[in-house]
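If you read the protein sequences in the order shown, they are chains A and V.
With the working numbering, you'll find the first sequence wraps up at 276, consecutive numbering, no jumps.
With the working numbering, you'll find the second sequence wraps up at 324, consecutive numbering, no jumps.
In short, the hints are calculated from the structure, not lab data.
Built from N, CA and C at the ideal position, the CB exists for glycine as well.
Treat the hints with care, since some could be wrong.
[As the list claims (entries may be wrong)] Just a few of them, taken from the derived set where beta-carbon distance is under 7 Å, the chain A residues facing chain V: (1) Val0; (2) Leu107; (3) Ser108; (4) Asn109; (5) Ile110; (6) Ile113; (7) Gly115; (8) Arg117.
[As the list claims (entries may be wrong)] Which chain V residues stay away from chain A? Per the calculated CB distances, all over 10 Å, these: (9) Leu141; (10) Val152; (11) Met188; (12) Ala207; (13) Val237; (14) Ala240; (15) Asn246; (16) Asp251; (17) Pro299; (18) Ala311.
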Amino acid sequence: MIRSVAALFVFAVVLCGYIVLRPAPSQVVPIPEQVAVTRAQTDSILAPTAAQEITQAVAGVVQAPERNTAPATAVQTDDSTMDQTAANVLAGLGLTVEPNPNAIKDDPMRQMTTGVLSNIGAITGERINGAGATPAAESPLELLVVRALKEGKSDAYIDTIINEAASAGDISVPRLLVTSDGRVDTAVLLSSIVTQATIAAGGAAPAVPDVPTGDGTGVEVRVVQRATETEQYRFYTVSRGDSLGAIAVKFYGDVNKYDLIYQANRQFLSSPDTIRVGQRLSIPTI
Amino acid sequence: MTQKLGISAAVVVGLFGPVVHAQDVALRPDQSQMTFAVNGQSFTVQRDQDTAAVLTGELARTSRPCPDFCIQPMIVAEGVTPVAELELLDFLAGPVAAGNGLLIDARLPDWFAKGTLPAAVNVPFAALAADNPYQTDILRALGASGDGGTLDFSAARALVVYANGPWDEQGTRAIKHLIAAGYPPSKIHNYRGGVQAWAHLGLTLTQPAP
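All chains, full assembly: derive it from the sequences and hints.
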């Protein structure tokens, strides 16, 4: 009896040991996730942390799935929005931009902070900009653009320095600015800054443009007739140098609508910075 | 006869007049009330003149459940000075009126809306937490300067922080968040008594404009 109990006990210990120590094939899977996370960290772009270097080294050895290790671009991206980036650049140039009321409504912390700032302003009499108008720290991209604009540099110069800094890994950019050939779409960046400054100065927001269709434009229109209604579908074939932001401006006149296109094409796009030449994107009608 | 009536009237006024008009409940023996101005807005602090007044309702409660409403320490953090009503009055008449001090109501906005201290600013403790991405905006509005991470608090305002009362953690949390963000403890003062102690002395409560 004691022998069989002891034998069972030993078996249980060995089994537990095996469960704990056995090689887990699933351990390989989380690593690409970590790579994706570290990429999005704006703070560590200028000085990669040891952890980041380690995860990148590990990713190189382990060979993560292709969708993670082979993005269309080496440009580092982050979660910043165009509104935020443009507002920060304008703030760096000494212009203040009222925060987008819709963005405040969607963000309770921002709403609370804006309330706090107006409370403080009411008692001190100081003019305080809304939450987000003075960012915690301007990103290297924003500082670069501010400096170039202050020095009166040309668009071509700004395009060159931003792309040089991006390929050197010194800056990270909003995903919607990454073009199909892995560059930074500085034309859309600069035009968004102008648009926001125009709106801040009381000018009208850009209207939805008429998009030419036909051969060579990359734009196709499909009209589907149903019993009760006629529905129009638009498609756009990505060409060289297009970014999702540029396509949003082309079809909607508003860079921030890039997410509509991204969401409608989620089956092809793992992220807004992964568009490629020749991809056929569905353009939702708004 | 007419002269006699006049004299008696004068005696009556002389005897009772000053008694009727004097403040029975003063702030201090030599100060019946206090008026101060902040940035052009005038505020008056005085006490309820009804000597029979008692607290009722929410402010009279003694036994809120703990947790969540637990007894708070007097010294929240090293270097943070506790203050009571008289120091608070001096703070309002001095630094707040001069524009280099702020009286902070650290409660969430729904509490603040029910009534607060004169010249107080609502800065809910949650807005001061490190997880608020716009925390730096608030710290700058309080007088800090520079970029996030390297904020300079040398010109930051002196603060008196309070919440509902000695049982309310909101003030304690606000002070801890401020210190964690780098605000110098020497510039922070804690009015632990809060709205309840203030009301218990019959001091003026104001209704913030909606």
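Results for each hint:
1. Val0: Not OK, violated: Val0 of chain A not within 7 Å of chain V, min 48 Å.
2. Leu107: Cβ of Leu107 of chain A sits 5 Å from chain V, so the hint holds.
3. Ser108: With Cβ-Cβ at 10 Å, over 7 Å, it is violated.
4. Asn109: 5 Å, holds
5. Ile110: At 5 Å from the nearest chain V Cβ, Ile110 of chain A passes the 7 Å test, so the hint holds.
6. Ile113: 5 Å, holds
7. Gly115: 4 Å, holds
8. Arg117: Violated, because the Cβ-Cβ distance from Arg117 of chain A to chain V comes to roughly 10 Å (cut-off 7 Å).
9. Leu141: Leu141 of chain V is indeed farther than 10 Å from all Cβ atoms of chain A, at 22 Å.
10. Val152: 6 Å, violated
11. Met188: Consistent with the label, Met188 of chain V stays out of reach of chain A, its closest Cβ about 26 Å off (over 10 Å).
12. Ala207: 15 Å, holds
13. Val237: Violated: least Cβ distance 5 Å, not greater than 10 Å.
14. Ala240: 7 Å, violated
15. Asn246: With a cut-off of 10 Å, Asn246 of chain V comes too close to chain A, as the shortest Cβ separation is near 5 Å.
16. Asp251: Per Cβ check, Asp251 of chain V is inside 10 Å of chain A; nearest 5 Å; violated.
17. Pro299: 20 Å, holds
18. Ala311: Since the minimum Cβ distance to chain A is about 22 Å, Ala311 of chain V lies beyond 10 Å and the statement holds.
The structure shown violates the earlier hints numbered 1, 3, 8, 10, 13, 14, 15 and 16.
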